[in-house]
Amino acid sequence: MELLIFYPLAGFCVALALGVIFNKSPVGSAISLIGMMLGLAGIFVLQQAHFIAILQIIIYAGAIMVLFMFVIMLLNLKQGENEGWASREKNLLLSVLTGFLAIGILYKIWQVLFSVDMDTPASLPDSFGTVAVIGETLFTDFVLPFEVASILLLTAMVGAVVLAKTKLD
Amino acid sequence: MFLTLITFLPLIGALFLVFMPKESVAAIKQTALAVAVADFLLSIFLWTNFDNTSHKMQFELNVPWIEAWGINFHVGLDGISLLLYVMTTFLTMICVIASWDVKIHVREYMIAMLTLSTGMLGVFIALDLFMFYVFWEFQLIPMYIIIGVWGGPRRVYASIKFFLFTAVGSLLMLVAILWIYLHIQETTGVATADILYITEHLSAPLGTQKWLWMAFFLAFAIKVPMFPFHTWLPDAHVEAPTAGSVILAGVLLKMGTYGFLRFNLPFFPQASYEFVPMIAWLSIIGIIYGALVSMVQVDLKKLVAYSSVSHLGFVMLGIFALNPYGIQGALIQNINHGISTGALFLLVGIIYDRRHTRLISEFGGLAKIMPKYAICFMIVALSSIGLPGMNGFVGEFLILLGVFQVNGLWAACATSGVILAACYILWMFQRVMFLEVKNPKNMNLKDMNVREMFTVVPLIILIFWIGLYPKPFMDTFDASVTHLVSKVNPDNFRPKQEHHDNDHNDKQNEKHGEHARLITPTEMASLNHTLQMPALIKE
Amino acid sequence: MLENSVPLSHYLMLSATLFVIGVAGVLIRRNVIVVFMSIEIMLNAVNISLIAFDNYMNLSNGQIFSFMVMCVAAAEVSVGLAIIIALHRNKPSVNLDDFNLLKW
Amino acid sequence: MLLKLTCLIPLFPLIGSIINGFFGLKIGKKAVGFIACGSMTLSFLTSVLVYVGYLMLPEGQHVYEQVVWTWFGASDFNVDFGFQVDPLTLVMIFVVTGIGLIIHVYAVGYMQEEFSYYRFFAYFNLFVSAMLLLVMGNNFLLMFIGWEGVGLCSYFLIGYYFEKKSACDAGTKAFIVNRVGDFAFLLAVMYIFNIFGTIDFTEVMHAAPEKLIYAGEAVTIITMLLFVGATGKSAQIPLYTWLPDAMEGPTPVSALIHAATMVTAGVYMLVRCSVLFNLSPMTMTVVAFIGGGTAIMAATIGMTQFDIKRVLAYSTVSQIGYMFMACGVGAYTAAIFHLVTHAFFKACLFLGSGSVIHGIHGEQDMRKMGGLKKHMPITYWTFLISALTIAGIPPLAGFFSKDEVLYHSLMDGNIIFWGMGISAALLTAFYMFRLVFMTFHGESRVDPSVHPHESPKMMTMPLVVLAGLATVGGMLGLPFLHGWHILHNWLEPVLHFDLANALQHSEHMLHEAGRHAPSWAHLLEPKEHNGWIEFALMVFSTVVAITGVVGAYIFYIKRPDLPEKFTQGQWGLDMVQNKYYVDELYDDVFVKPTVEGSNLLWKECDAKAIDGAVNGAAKTIGWFSRQAQTLQSGFVRNYALFIVVGFISLLLAMF
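Protein chains in written order, with our numbering: chain A, 816 to 984; chain B, 86 to 624; chain C, 441 to 544; chain D, 26 to 680.
With the rest of the complex left out, here is chain A:
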């Protein structure tokens, strides 16, 4: 059952991810990315990480991608600008490299996961991934990183305002 949901979702995500990088227009890329994010949210749900799935939709698919779209609009980028691609020979080389990377990582995963005993996953309690549990952990063990994250966001906000406002010289 789960597998039945997983494979289509995974395929959907991969396809849209490819769509992001191969789409000629940035707007198209962005829309593909939104789709991919939504797909990922589905995968998170599948893993019972409900809270993260919600966040994924709100923050990524919502806030961040809106920002992307906003900037694309603001810059008024024309569709099909040919500088969107690197030269052919280079691309070949880079693809080979990326292929290597993919093979390498996948091989490693295979090597690691299949060499150790992976048969006994923990049985998950019902509370796994709920807001309550995450919240409790976040505000007890990880309260300091949480606060730091808030400062980070504040700084980023100020930084963004400053950068977008003043002219660089």
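Don't read these hints as lab results, they were simulated from the structure. Check before you lean on any hint, since a few could be wrong.
Below, in silico cross-link-like pairs of lysine-lysine (DSS-like), each with a Cα-Cα straight-line distance of 30 Å or less [said to hold, decoys possible]:
1) A/K980 x C/K531
2) B/K531 x D/K189
3) A/K923 x C/K531
4) B/K531 x D/K393
5) B/K526 x D/K190
6) D/K51 x B/K531
7) B/K453 x D/K54
8) D/K189 x B/K457
9) B/K453 x A/K980
10) D/K55 x D/K189
11) D/K482 x D/K393
12) D/K482 x B/K523
13) D/K482 x B/K457
14) C/K531 x A/K905
15) D/K189 x B/K453
16) B/K523 x D/K628
17) D/K393 x B/K526
18) B/K526 x D/K189
19) B/K531 x D/K190
20) B/K531 x D/K54
21) D/K29 x B/K556
22) B/K188 x B/K526
23) B/K453 x D/K190
24) B/K556 x B/K572
25) B/K188 x B/K531
26) B/K457 x D/K51
27) B/K453 x D/K51
28) B/K457 x D/K644
Computed footprint of chain A on chain C; a stretch qualifies when at least three of its residues, placed anywhere within it, have a C-beta under 8 Å from a C-beta of chain A [to be verified]:
29) 461–468
30) 481–488
31) 496–504
32) 507–516
33) 519–531
None of the values given here were measured: they were computed from a predicted structure. Positions of the beta carbon are idealized from the N, C-alpha and C atoms, including for glycine.
Got chain A; can you put chains B, C and D on it based on the hints?
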């Protein structure tokens, strides 16, 4: 605690300055001066409360700093560091006064000055190797900035050179420190970098000792600077602002010699003994080389800088005489050099402020136009060449006396530096102060003003004080030096053989009196030769 | 019903695939915004594996971590996009190869 | 206790110097002169009191020591800032303060016109103070303060007219040449400490016979070093070149420093360390040879000079050579005797020459003088008396002292020394009267626009006093009356030396070292005093002196064309006139190579070799970084590529 407070007071003052408005220049200067004076007075208080009779660390504070590695915040003063400590606060004060006329970035300048002071003080009080290393590197930064921002035309080159030379040396020292740390942990089971503990417990085979010794040596020799690591010094001095030069000569160079006394000798007594000839010859070369080169300089500051090389050669020679005369002489000479050379730099700075040049050929006949200046300059110059009755002589004589005990030839070579010193100083003095006033630009120079007198006169008072009654100074390190010497006494390591063929009588008058053993066959031949002389007189 | 019937390795494979796609995007695209999106893909890919391990070992640290990743991503995007706007204002281009000021 | 006043003797001039130096410009010339002379007077009076105090010392005590404070020290080495009063010191104190006072009075008149009058007297007082330290110090290092101090003051005073290049050069030269001597002196002090464990005069001299082997290496080195120190200060071969140049200073300076006091410091030191010198026959021989050689050489140069002060300067060098010769043959009393009389007559001669120069407005060339006798009678007569004294005409002081030196050089030394001495005496008589005749007699060659005049009383009175002293000074040591020789008896406690005892100790020490001592028996044979030989020598040297005077008379009064004829085409003259080219030699051998070598060291070694190595290392690294820097293209994607490549290689490494 009190010691820590005094050490960090300038840093606190610097922090305070950070928050002062940039525009209120006068207030900034006054605050800086107040901090420096307060610090100096407090350090005098340390001196008066110091127990001369003990070689132990005093005003100690030992609290854990990085507990996981056994690194403590351990500070304290003993006789070897006390005077250097007081001199640092003293020269900082003088330098703040001398920098009254800094034009640009006054606030930042004073901040750098005060930070530098804390860094230097920290070096002298640190009793933990890591702490020492931190301070050792820390004081580089403000000095680098002082040279690099407020310096002369080639300041960037000079500051980088200064920084790199020192940093390269200290990196090797860091390696040695780590080695010692691990070694101590291995042999005694205690993870500590405490200098006192290490002094007590460090025992390494001679071969290893030599390597470690060399690592420390490089760091300190560059700082001192010994020949041939001295080339950063003239550049740094020439480009640094006046106060920078004073601090550089007065304190920074002393860290090198202090390092030798604090680390090389007590940590590796045997290696030190083995390296005595090398150090001696390097020092002698430094003495003569520095004097010769400074004779032909055309730039006043460069001349003084090279003379520092010569003077510090004496100090090094004294330290490695490994006897109380030499080491005490070296310690007092440390102070003397800080005072005399510091004063020389101040004086050169005064004339530079007026004429914006330091070329000797630009001057001449200043004695007529600036008599007060000429008198001060003369006194300081004479103290620099070690005229008896002034401070330089006391140190130089003790050092030479100590060296003579070890090797007469070394002493003779080193003493020739005294002649050369007279040559370069007097020749310079003649060209700057005497002769007719030829350059019309010199006609209307103003004599020293009250502020400038305030910077130089205290140093002149010290020059005569140490020259005529150095006892208060010498007493502070008497006990410490005796203790140190008992540890590095060459007799501990001399191969036993040498004593074999001496009979008992010889041992009795070994210390003093012409040794009967002095007479070897060749000497006997010369003795016989001399004995024929009376016959000639009688005919 | 929803037992852990999807093996851990599958999640990781998915994560790896997405990651590599992101890398490829960074390498082959010259449009700065697309490059930026590719980076987002990579971040998301990492999130998948984090949560997969969490799920597998019954922990919540991974989720916290991915939460942090999202925070960082949000911050990064806002600043990054601001930089792009500022850059674009100086030089009307989004082509990365037009910008080579990132030298020593 | 009157002796407690000892420390005040050098203190008074020091205070005077400080007052004059700091406030001299404000208080005016009169006050400056008053303070300078006043401090000297006080010092002189104190010396008298101290002398009285010394006479009241209990029987058998010859030395009074006063430690003011402990100067410095380390471990078992301690130097006191202490003074000692003994017969030798007293003699020197009186010479310094007495003659110093007279010259001070003279200088008040002579320097009246100078602008920086106060500066002159500040230096002058400081000099006296340093000289007193030198003679009163109870250890080698305190002596060294004075030793360097007088060198320093002479540097200041020679370079007094600091706008003149020659004056500055002369000052610097004096100081540096002196430093060469000081270098040896310092080494000697260190060696002494090494052996004795103390540098106190009394203790060292007391322990010397027990700790040093007679004619051994140590004592020879020590005494040779001390002697080199003395040659620097006392202007002997090879370090005499500074003294003639020192005549650039004002004339009172030449009189005080370069005739009466400072240059005799070397002699004083030799006498002070007589015990050490007695232990080293080799050094003694060297001292005597150098002294005799200097006496002759300087006298020959003196014959050819035309600058009135330079002639006197060479004469000083020559006379001090005499004193050294006396020391070299062990006749220390004779040396001190000659020192004292020389101080009288040479001060008088210098002051007289100053009076002459003053009278004809600064002219120093004797070829532009002549016939001054009628213009300045007092100067003439005092000058003549002194010239007769130095020439050794009885019964003036110089005759007795010089005769004593000559007698001892023959009896205690050998005929070579005596020959040196007597020929120097002949030359002395000749050139001194050449000076007198050229200056005061004959046709006037003075510039017609100048009207010679006698100097004011302030200047002539000191001349008269000094001439008087030069006349009667011989009373200190009349010949034939060895039991009554005042100076000899007076100095006996200082010079006392028991050779037999010393030899015994040396034998013991050599024996312990497993060596046999050579036979020293012949050294202990008693010496006889032969009155007849002494009388014969006196007559002979008087004849020699008169010959010299007559010779000068013939050459410069009777037949003024003779010198010209006589020296025509002589290569030797050129050489002597140019002072044997010693200055040039030193210049070529020491000065120029040093300066050039230093330049080479700086430009080649420092700038090229050491800095070159450092900069070379930096450049190599720089070259490598420039190569590496091309990797940094500035394209973000390139950097990303590197990351990927790095990651892939990591993966590969993990396989």
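Hints, one by one, checked against the model:
no.	hint	in the structure
1	A/K980 x C/K531	holds, 16 Å
2	B/K531 x D/K189	holds, 23 Å
3	A/K923 x C/K531	violated, 43 Å
4	B/K531 x D/K393	violated, 43 Å
5	B/K526 x D/K190	holds, 20 Å
6	D/K51 x B/K531	holds, 19 Å
7	B/K453 x D/K54	holds, 19 Å
8	D/K189 x B/K457	holds, 21 Å
9	B/K453 x A/K980	violated, 65 Å
10	D/K55 x D/K189	holds, 27 Å
11	D/K482 x D/K393	holds, 25 Å
12	D/K482 x B/K523	violated, 39 Å
13	D/K482 x B/K457	violated, 35 Å
14	C/K531 x A/K905	holds, 25 Å
15	D/K189 x B/K453	holds, 13 Å
16	B/K523 x D/K628	holds, 28 Å
17	D/K393 x B/K526	violated, 40 Å
18	B/K526 x D/K189	holds, 20 Å
19	B/K531 x D/K190	holds, 24 Å
20	B/K531 x D/K54	holds, 25 Å
21	D/K29 x B/K556	holds, 24 Å
22	B/K188 x B/K526	holds, 23 Å
23	B/K453 x D/K190	holds, 14 Å
24	B/K556 x B/K572	holds, 24 Å
25	B/K188 x B/K531	holds, 20 Å
26	B/K457 x D/K51	holds, 14 Å
27	B/K453 x D/K51	holds, 17 Å
28	B/K457 x D/K644	violated, 47 Å
29	461–468	holds (count 7)
30	481–488	holds (count 4)
31	496–504	holds (count 7)
32	507–516	holds (count 9)
33	519–531	holds (count 11)
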